[in-house]
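Asks: For reference, the chains in residue letters:
Number of protein chains: 2
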Amino acid sequence: MTDPQIQLQGLRDQIDELDQQLVELLAKRAAVTTQVGQIKSQTGMPTYVPERETQLIASRRAQAQEQGVPPDLVEDLLRRIMRESYLTQNAQYRCASVPGTKVAVIGGRGALGKLIVSLFERSHYDVVVIDKAEWADARQLLLGVKLCIVAVPIKQTIDIINTLDYLDPDCILADVTSIKQAPLDAMLAVHKGPVVGLHPMFGPDAPGMVKQVVIVCHGRQNEQYNWLLQQMITWGAQLNTSKASEHDADMAYIQVMRHFTSFVYGAHLHAEDPDLSSLIAHSSPIYRLELAMVGRLFAQDPNLYADIIFNNSENLALLKRFRTRFDEAINLFETSNKAQFVEQFTQISKWFGDYAKTCLVDSKQLLLKADDDRMLRKK
Amino acid sequence: MTDPQIQLQGLRDQIDELDQQLVELLAKRAAVTTQVGQIKSQTGMPTYVPERETQLIASRRAQAQEQGVPPDLVEDLLRRIMRESYLTQNAQYRCASVPGTKVAVIGGRGALGKLIVSLFERSHYDVVVIDKAEWADARQLLLGVKLCIVAVPIKQTIDIINTLDYLDPDCILADVTSIKQAPLDAMLAVHKGPVVGLHPMFGPDAPGMVKQVVIVCHGRQNEQYNWLLQQMITWGAQLNTSKASEHDADMAYIQVMRHFTSFVYGAHLHAEDPDLSSLIAHSSPIYRLELAMVGRLFAQDPNLYADIIFNNSENLALLKRFRTRFDEAINLFETSNKAQFVEQFTQISKWFGDYAKTCLVDSKQLLLKADDDRMLRKK
Numbered sequence: 005m006t007d008p009q010i011q012l013q014g015l016r017d018q019i020d021e022l023d024q025q026l027v028e029l030l031a032k033r034a035a036v037t038t039q040v041g042q043i044k045s046q047t048g049m050p051t052y053v054p055e056r057e058t059q060l061i062a063s064r065r066a067q068a069q070e071q072g073v074p075p076d077l078v079e080d081l082l083r084r085i086m087r088e089s090y091l092t093q094n095a096q097y098r099c100a101s102v103p104g105t106k107v108a109v110i111g112g113r114g115a116l117g118k119l120i121v122s123l124f125e126r127s128h129y130d131v132v133v134i135d136k137a138e139w140a141d142a143r144q145l146l147l148g149v150k151l152c153i154v155a156v157p158i159k160q161t162i163d164i165i166n167t168l169d170y171l172d173p174d175c176i177l178a179d180v181t182s183i184k185q186a187p188l189d190a191m192l193a194v195h196k197g198p199v200v201g202l203h204p205m206f207g208p209d210a211p212g213m214v215k216q217v218v219i220v221c222h223g224r225q226n227e228q229y230n231w232l233l234q235q236m237i238t239w240g241a242q243l244n245t246s247k248a249s250e251h252d253a254d255m256a257y258i259q260v261m262r263h264f265t266s267f268v269y270g271a272h273l274h275a276e277d278p279d280l281s282s283l284i285a286h287s288s289p290i291y292r293l294e295l296a297m298v299g300r301l302f303a304q305d306p307n308l309y310a311d312i313i314f315n316n317s318e319n320l321a322l323l324k325r326f327r328t329r330f331d332e333a334i335n336l337f338e339t340s341n342k343a344q345f346v347e348q349f350t351q352i353s354k355w356f357g358d359y360a361k362t363c364l365v366d367s368k369q370l371l372l373k374a375d376d377d378r379m380l381r382k383k
Numbered sequence: 005m006t007d008p009q010i011q012l013q014g015l016r017d018q019i020d021e022l023d024q025q026l027v028e029l030l031a032k033r034a035a036v037t038t039q040v041g042q043i044k045s046q047t048g049m050p051t052y053v054p055e056r057e058t059q060l061i062a063s064r065r066a067q068a069q070e071q072g073v074p075p076d077l078v079e080d081l082l083r084r085i086m087r088e089s090y091l092t093q094n095a096q097y098r099c100a101s102v103p104g105t106k107v108a109v110i111g112g113r114g115a116l117g118k119l120i121v122s123l124f125e126r127s128h129y130d131v132v133v134i135d136k137a138e139w140a141d142a143r144q145l146l147l148g149v150k151l152c153i154v155a156v157p158i159k160q161t162i163d164i165i166n167t168l169d170y171l172d173p174d175c176i177l178a179d180v181t182s183i184k185q186a187p188l189d190a191m192l193a194v195h196k197g198p199v200v201g202l203h204p205m206f207g208p209d210a211p212g213m214v215k216q217v218v219i220v221c222h223g224r225q226n227e228q229y230n231w232l233l234q235q236m237i238t239w240g241a242q243l244n245t246s247k248a249s250e251h252d253a254d255m256a257y258i259q260v261m262r263h264f265t266s267f268v269y270g271a272h273l274h275a276e277d278p279d280l281s282s283l284i285a286h287s288s289p290i291y292r293l294e295l296a297m298v299g300r301l302f303a304q305d306p307n308l309y310a311d312i313i314f315n316n317s318e319n320l321a322l323l324k325r326f327r328t329r330f331d332e333a334i335n336l337f338e339t340s341n342k343a344q345f346v347e348q349f350t351q352i353s354k355w356f357g358d359y360a361k362t363c364l365v366d367s368k369q370l371l372l373k374a375d376d377d378r379m380l381r382k383k
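Protein chains in written order, with my numbering: chain A, 5 to 383; chain B, 5 to 383.
Same shape as in the complex, but just chain A (with noise of 0.2 angstroms):
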């Protein structure tokens, strides 16, 4: 070896010895952690502490400035460390009700509905789980119950609820479909009792609740499920309460157009038959990213994406729409319209205000994440 080269070795041995260092660091810490997860989990404390968090960002924010390291290379690691504990810290939880009490999950071995019966099973819930194979049994089973909790895929909400007309007055019924006006207005007609509607915005990959927002429509009686949302509080949701009609409003905005754009963007690529490897390699990481998020959709159930587009026929006004802002924009390219382009591009810009520049800063952080991890490379 040559000189440099010896150095060079040095050096890297010297950088191995401060990584080993750095992993029984982690070890010490997570011991730590999950001490405070037993105790938080005792006592009911919240797993997700915002004031907590913010305070010992800031404290090794300020070391890192005075030591000479990047504090935001100090919060990165934290932030990712601190994902990691909440997972340990989660195994179980104090239960807001009365330990013992019956909570019903139609649905229970959906994938969201799985995830539900684990959280009220870890909160010391006594949890009836009704899938297909005990729905003969229903009446039977929710004898008792307290909470009725409807997580069945979106095109059978309303007949599921339709049927629930002999719950206890006292129990409280709830659904949690990705819309919410309907299925509010069916558990209202068909139940006398306390009605709440929820939709956790998070997939059922979700590693749990802590720190998923869930919007909270209110039904009736909102006092009798208060403890079904300081529940969700004490697994670390952060609810956001909203009227139905304009939760759904949004949600086709939101969904609806996204789920369509990306499924005639990949219909689109299948129709062209271009080689996908050779796009892959030939895209920057903004670019793979973007064809990822088409990519993903087409992984997915198609089942529960049409019964989402199909779902209600202001979806296909709506889409109408958008196809005819489609056609204005070609027809701006087939006339060579570039100022007008450009011009329209001013105006959209406004619209979207400081938003669009957040966006930006947002996007290019997390580039810089996927880089980190070699995700949206080329393999």
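Quick caveat, the hints were computed from the structure, so don't treat them as lab data.
Glycine included, each C-beta is placed from N, C-alpha and C at the ideal position.
There's no promise every hint is true.
As the list claims (entries may be wrong) - Listed next, the in silico PhoX-like pairs over lysine-lysine satisfying Cα-Cα at most 25 angstroms (straight line): (1) A:K136 to A:K118; (2) A:K368 to B:K118; (3) A:K342 to B:K324; (4) B:K354 to A:K368; (5) B:K354 to B:K368.
Unchecked claim - Per the computed footprint, the stretches of chain B lying under chain A, defined by three or more beta-carbons under 8 angstroms from a beta-carbon of chain A, are: (6) 139–148; (7) 165–175; (8) 268–277; (9) 282–290; (10) 307–313.
Said to hold, decoys possible - Here are some chain B residues pointing at chain A (derived, C-beta under 7 angstroms): (11) T47; (12) R126; (13) K342.
Given the coordinates of chain A, assemble chain B onto it according to the supplied hints.
Replies: Below, chain B without anything else, positioned relative to chain A:
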């Protein structure tokens, strides 16, 4: 304070103590990697050594496994730490040609141009910046230049290249435009010496060239510009050779379709005018990411995007076929043909193959990272 609160405080103090040690460890590590950077730049060793990185991570993952720390956590942290260390390492680079070699960057005050100028300067070249202010004197300034890089906006590229019929016969002529066939043809026609087309697959906001992909389209006299390719490897780039025509065909699918889709999506939202802050509040992280991918377009220069899309008539033909698919999809919904939708969806899934699954996994990972940073969340 109650007993559990006192216990909790004690544990939190222990966590703070461990986190302090973490910051100290990072400071020590940065001191060592700075020395590594100095040795590398003095000797011209490449900044990015994939084998060393792989070995470093494998050793720490093995140690983590033994000590009961999640190996993925350790890998994520190390990759984030290494990203930072590349930034601090890249102060100076070895010159892959003769130090003092004259290099000209036309458009050297633009965003990408500035980055290129800085990289050459830090590699001990004699860099001539030619921008609007110097254009009148270009012929004079380009005397004795061994490498002339055209880094002007896409719509000016060909016109600028067409003037360069007076370069020294041994001067390398290169461009960095995001299309390659037309500039390459123009360069080969105007200049008799070595010619190469380059497409750096990253935005001007990238922190440097470390780990970034650069597409190389060979023109003429490859062996004459080998040092330029070596120089980019020293900067950390990953080179990827392609035919100009294949590159451009892929770019139509990648850039033109994406920009057009995002433009129409933004135009539709603008025309429908929903409450944007409510949309964001009602979006789960994945939809926020999708909205951000649209929003980011409108924080950028409309002229750049107009130039990319209006660039050639094949783009229009591609977009018109795209419209046909849009109409076909609308038609499925109009006729409530859910079965056909599911059938087509399944075919597209097959076309995407394993990539769809990779996209789903990657985007989930990415969302967890976005979550660490509270990016894409309700403000």
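Asks: Next step is simple, just say for each hint if it's right about the structure.
Replies: Cross-check of the supplied hints:
1. With a C-alpha separation of about 14 angstroms, the suggested pairing of A:K136 with A:K118 holds against the 25 angstroms cut-off.
2. A C-alpha spacing of about 19 angstroms is found between A:K368 and B:K118, which places the hinted pair at or below 25 angstroms, so the restraint holds.
3. The suggested pairing of A:K342 with B:K324 holds, with an alpha-carbon distance near 17 angstroms, which does not exceed 25 angstroms.
4. The suggested pairing of B:K354 with A:K368 is violated, with an alpha-carbon distance near 31 angstroms, which exceeds 25 angstroms.
5. For the proposed pair B:K354 and B:K368, the alpha carbon gap of about 21 angstroms is at most 25 angstroms, so the pair holds.
6. Counting residues of the region 139–148 of chain B whose beta carbon lies closer than 8 angstroms to any beta carbon of chain A gives 0, which falls short of the minimum of three for the stated coverage.
7. As drawn, the region 165–175 of chain B meets chain A at 0 residues by the rule of a beta-carbon pair under 8 angstroms; below three, the given contact is violated.
8. Under a criterion of three residues with beta carbons nearer than 8 angstroms to beta carbons of chain A, the stated coverage of the region 268–277 of chain B is upheld, 10 such residues being counted.
9. Counting residues of the region 282–290 of chain B whose beta carbon lies closer than 8 angstroms to any beta carbon of chain A gives 9, which meets the minimum of three for the stated coverage.
10. Counting residues of the region 307–313 of chain B whose beta-carbon sits less than 8 angstroms from any beta-carbon of chain A gives 4, enough to reach three: the coverage restraint holds.
11. Below 7 angstroms, beta-carbon pairs count as interface contacts, and B:T47 has one with chain A at about 5 angstroms; its hint therefore holds.
12. Among the interface hints, the one on B:R126 is violated; its C-beta lies about 19 angstroms from the nearest C-beta in chain A, farther than the 7 angstroms criterion.
13. At about 5 angstroms, the closest approach between the beta carbon of B:K342 and any beta carbon in chain A falls short of 7 angstroms, and the interface hint on this residue holds.
The structure shown violates the earlier hints numbered 4, 6, 7 and 12.
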